[in-house]
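What follows is the residue order along each chain.
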Amino acid sequence: MSTHRIVQTRFLHVDRPFRLESGDTMAGLTIAYETYGEPNAARSNAILIEHALSGSAHAAFHHEGDARPGWWDAMIGPGKAFDTDAYFVICANVIAGCNGSTGPASPDPATGRPYGLGFPPVTIRDMVEAQRLLLAELGVERVRCVAGGSMGGMQAMQIFCDYPALFDSFICIASTMRHSAQQIAFNEVGRRAIMADPRWNGGNYYGELPPEGGLSVARMIGHITYLSEKMMQEKFGRLRKGKDSRAVFRPSFEVEHYLDHQGVAFVRRFDANSYLYITSAIDNFDLVSSISGPSRHRGENRMRGKGFDTMRRKKGLVISFTSDWLYPSQQSQAIVRFFSGLNVRVSYAEIPTDHGHDAFLTDVNEQTRLVESFLSSLDA
Amino acid sequence: MQKVPGHAHDLIEQWVEPSSRVLDLGCGDGSLLDRLKRSRQVDGIGVEISQDMIVQCLSRGLSVYQADIDRGLSQWDDLSFDYVILNATLLVTHKPYDIITEMLRVGRYAVISVSNFGFLPNRASVLFRGSITGDVRAAGTWHDSPVIRFVCLDEFRASLREMGIDIMDARHFLPLGIVTRTRIPLDNLLVREAVFLLRRGA
Numbered sequence: 001m002s003t004h005r006i007v008q009t010r011f012l013h014v015d016r017p018f019r020l021e022s023g024d025t026m027a028g029l030t031i032a033y034e035t036y037g038e039p040n041a042a043r044s045n046a047i048l049i050e051h052a053l054s055g056s057a058h059a060a061f062h063h064e065g066d067a068r069p070g071w072w073d074a075m076i077g078p079g080k081a082f083d084t085d086a087y088f089v090i091c092a093n094v095i096a097g098c099n100g101s102t103g104p105a106s107p108d109p110a111t112g113r114p115y116g117l118g119f120p121p122v123t124i125r126d127m128v129e130a131q132r133l134l135l136a137e138l139g140v141e142r143v144r145c146v147a148g149g150s151m152g153g154m155q156a157m158q159i160f161c162d163y164p165a166l167f168d169s170f171i172c173i174a175s176t177m178r179h180s181a182q183q184i185a186f187n188e189v190g191r192r193a194i195m196a197d198p199r200w201n202g203g204n205y206y207g208e209l210p211p212e213g214g215l216s217v218a219r220m221i222g223h224i225t226y227l228s229e230k231m232m233q234e235k236f237g238r239l240r241k242g243k244d245s246r247a248v249f250r251p252s253f254e255v256e257h258y259l260d261h262q263g264v265a266f267v268r269r270f271d272a273n274s275y276l277y278i279t280s281a282i283d284n285f286d287l288v289s290s291i292s293g294p295s296r297h298r299g300e301n302r303m304r305g306k307g308f309d310t311m312r313r314k315k316g317l318v319i320s321f322t323s324d325w326l327y328p329s330q331q332s333q334a335i336v337r338f339f340s341g342l343n344v345r346v347s348y349a350e351i352p353t354d355h356g357h358d359a360f361l362t363d364v365n366e367q368t369r370l371v372e373s374f375l376s377s378l379d380a
Numbered sequence: 381m382q383k384v385p386g387h388a389h390d391l392i393e394q395w396v397e398p399s400s401r402v403l404d405l406g407c408g409d410g411s412l413l414d415r416l417k418r419s420r421q422v423d424g425i426g427v428e429i430s431q432d433m434i435v436q437c438l439s440r441g442l443s444v445y446q447a448d449i450d451r452g453l454s455q456w457d458d459l460s461f462d463y464v465i466l467n468a469t470l471l472v473t474h475k476p477y478d479i480i481t482e483m484l485r486v487g488r489y490a491v492i493s494v495s496n497f498g499f500l501p502n503r504a505s506v507l508f509r510g511s512i513t514g515d516v517r518a519a520g521t522w523h524d525s526p527v528i529r530f531v532c533l534d535e536f537r538a539s540l541r542e543m544g545i546d547i548m549d550a551r552h553f554l555p556l557g558i559v560t561r562t563r564i565p566l567d568n569l570l571v572r573e574a575v576f577l578l579r580r581g582a
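Quick note, the sequences are listed as chains Z and V, same order.
With the first letter of the first sequence counted as 1, position 322 gets the number 322 in this note's numbering; the numbers rise by one all the way through.
With the first letter of the second sequence counted as 1, position 47 gets the number 427 in this note's numbering; the numbers rise by one all the way through.
Watch out, some of these pointers could steer you wrong.
[Stated by the list, open to error] Restraint ranges, calculated between C-beta atoms of paired labels, are given here:
| # | chain 1 | residue 1 | chain 2 | residue 2 | range |
| --- | --- | --- | --- | --- | --- |
| 1 | V | Ile429 | Z | Arg268 | 41 to 49 Å |
| 2 | Z | Arg5 | V | Glu397 | 51 to 59 Å |
| 3 | Z | Glu256 | V | His523 | 43 to 51 Å |
Keep in mind that the hints were calculated from the coordinates and are not lab data.
What you are looking at is a predicted structure, and each value in this text was computed from that prediction instead of being measured.
Glycine included, each C-beta is placed from N, C-alpha and C at the ideal position.
For reference, chain Z alone in the conformation it holds in the complex (with noise of 0.2 Å):
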């Protein structure tokens, strides 16, 4: 449609080496972006969105052709909470992701193959650390504000922490510092179900059949986590979808038909290993040691305690739902009481609804609300 504004992913490909927080190194990589709004004179008006698991640079906008616009687009645009008629707004695909940066079904230049499981583990860190190359890269010295759900906090709050000078704010929706073990249970069920699969083959399967079976599971049990229970009841509960079950075992639930769908349709879009790595990352994630743990090789930060006096009344706004049992709201809190610990000027609120951890994706007229006053207060 002509009203679509359009945009189109692009790539920068940085040809040095890369360190990641492991102490390995990547002898370069590629990192897909798209940016929506302009930049200011001052280049002073940048907003970095940070996505999800199954994110991708593509946040906003519609692609060429595509009926379907970004995943956040309902929240970025002209006159949406993150206004690019004021900001310019930025989102790169996560490195070991699998939508134009680099990730394990990226090919090994050492062997022009995929790397597959050769892919080196990397950390939240190490995937802000090369949006930081990015943010170098497009000129930007200073971001009004980082914000993401889900993962995309937790990388919004490591960006935050890791270079508290070149951010003025950031906002964490539906996120935690730390996964609890109940999170890291879902997480691992899914990676075993991707790894149970035989097509999974030691994550070598590339140019061959993919684990589709595998990792259809893995998203289905993730999206058991992503609604909440009255939701499901209220949408599906026990109906049933065409008459003829003779045949036994055959979905037959309205509830088997819809995860059999988000199953069947997220194969299509996304690598098992990269799930397998970026879910990793996420278990792995602990930002309260990763920021006053012992010198590590990441951002200004580095130094114990250093770098805290930098975030010293800047600010933040965190956003729970009170249906969200994957990331419950105690876990948003304990990010305030974090932020508030070290001085940062932190909001929190707490959105009711039935949606669950989705919500973060389809509530989105109180979160506009709340994320326009809190970026229309910060000092231009």
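Chain Z is fixed; fit chain V onto it per the hints.
Relative to the frame of chain Z, chain V by itself:
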């Protein structure tokens, strides 16, 4: 909410030391906190239950925390604040004792404003008209008013004594714009509203 008289804000502004840390419980649209931030350079956080009010506070650039204060202040460590303010909010709470106790756990001083149900016109309304005045109920009627508690000044003072809380300072608002610092005879009858500066007893 109850009518928030500007004079309570004036008074609280006088009490609050410059550059102190302030927690404002039931901060509403943040007008008091905003004022304290400007005139007293306080480092303040508001607590509100209403999403609309949270949005207004954010627009003012205030730090605000969405929570039901009846569920406690466990989010904050002991003595995190110099002042914890409960202005025009006490009578809408379910657990006033717990809240006052929590206020003096997380703050050095508590500032609490109380509407006096014993105020003569309130009594007269019950006696002669057989109804509670609209002022007492703020906006609303018996079944939908946010005000769920009615307390007389004497009762409130007795509660403070019982809880071992010291009154450091107080202002009593009488009709005709009269404000007294010290207690006057028959104050349980004559005072419309009082504001207390409180501290945990030694």
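How the hints compare with the structure:
| no. | hint | in the structure |
| --- | --- | --- |
| 1 | V:Ile429 - Z:Arg268: 41 to 49 Å | holds (44 Å) |
| 2 | Z:Arg5 - V:Glu397: 51 to 59 Å | holds (52 Å) |
| 3 | Z:Glu256 - V:His523: 43 to 51 Å | holds (46 Å) |
Every hint from the earlier list agrees with this structure, and none is contradicted.
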